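Participant: Kindly produce the complete structure, drawing on both the sequences and the hints.
Now for the letters of each chain:
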Amino acid sequence: MVLLVIAAELLFVLLILALLTRAPYGVLAHPALYVDTRSDWRQAQERAEALLRDLLSPDEYDRLLRRGYLELPSRLHPNWVYRVPRHQGQVKVFEGDTPVLALCVQSVEPIPDADAVIMHKLMIEGDEETYLRVANRFEPTLYGFIAIRPRARV
Amino acid sequence: MASMRILSARGDTAVEWDAAKFTEGDPEARAAVAEAERLFQELKAKGATAFTVRPGRPAERLDVFDPLAEQIVIVPRVAGG
Numbered sequence: 000m001v002l003l004v005i006a007a008e009l010l011f012v013l014l015i016l017a018l019l020t021r022a023p024y025g026v027l028a029h030p031a032l033y034v035d036t037r038s039d040w041r042q043a044q045e046r047a048e049a050l051l052r053d054l055l056s057p058d059e060y061d062r063l064l065r066r067g068y069l070e071l072p073s074r075l076h077p078n079w080v081y082r083v084p085r086h087q088g089q090v091k092v093f094e095g096d097t098p099v100l101a102l103c104v105q106s107v108e109p110i111p112d113a114d115a116v117i118m119h120k121l122m123i124e125g126d127e128e129t130y131l132r133v134a135n136r137f138e139p140t141l142y143g144f145i146a147i148r149p150r151a152r153v
Numbered sequence: 000m001a002s003m004r005i006l007s008a009r010g011d012t013a014v015e016w017d018a019a020k021f022t023e024g025d026p027e028a029r030a031a032v033a034e035a036e037r038l039f040q041e042l043k044a045k046g047a048t049a050f051t052v053r054p055g056r057p058a059e060r061l062d063v064f065d066p067l068a069e070q071i072v073i074v075p076r077v078a079g080g
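Read top to bottom, the protein sequences are chains Y and C.
Counting in numbering that gives the first Met the number 0, the first sequence runs from 0 upward without gaps.
Counting in numbering that gives the first Met the number 0, the second sequence runs from 0 upward without gaps.
Among the clues, some could well be false.
Claimed, not checked - Quick look at which bits of chain C chain Y covers, simulated, 3 or more residues with Cβ under 8 Å:
| id | stretch |
| --- | --- |
| 1 | 3-13 |
| 2 | 16-22 |
| 3 | 46-54 |
| 4 | 72-80 |
Worth flagging that the hints you see were computed from the coordinates, not collected in a lab.
Since this is a predicted model, take the numbers as computed values, not measurements.
Ideal placement from N, C-alpha and C gives every residue a C-beta, glycine not left out.
Facilitator: Listed below in structure tokens is the structure:
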């Protein structure tokens, strides 16, 4: 009787395993798929990093690595300096040492961090009006940055 | 070599052509420029923005494809985050 129960439990476990390996997402059936995706993403990050190094001067690239952000002067607002973060996030606007705004602009397509730095740099230098129009804005307060306008799209 | 780099989830894709040969009317260079221009129009229609990039100078927005630009970088459509 005991052997019968153990056999039934074993069969039940085998049945569950069989069902799991037929999962619609194929997670258990094709583990290599996820590894390939991560590998592709790593290659994309490496390509993006190479392009970033190519587009920045050695000084700019070195400062970006050391400080964690790239400083870009504004053409429209003479006192503004944008700080573009090394990793994707809000771009802070400073007047001297004082933060005056935080801006959130992102690509609708996921892109590597280095490509995001390039995106901010090119938009700020070459199309600052659109950049500011599209950006969701956050104002500094005692409690951090608070949103001051709804999101918009180009 | 002139080039157009397209930022995407795959890092970036590059299309290259020889601007000097293009001005001389070389058929291979003309074909490469035609392909780059087709991609340029297609991506612009999807909301992407193109910029010309030159060393030591700020980027400039590019509304019309320029086969003589040294380097063009195309940024995908952006939105407020």
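Participant: A separate judgement is required for each hint: does it hold in the structure or not?
Facilitator: Cross-check of the supplied hints:
{"no.": "1", "hint": "3-13", "result": "holds (count 7)"}
{"no.": "2", "hint": "16-22", "result": "violated (count 0)"}
{"no.": "3", "hint": "46-54", "result": "holds (count 5)"}
{"no.": "4", "hint": "72-80", "result": "holds (count 8)"}
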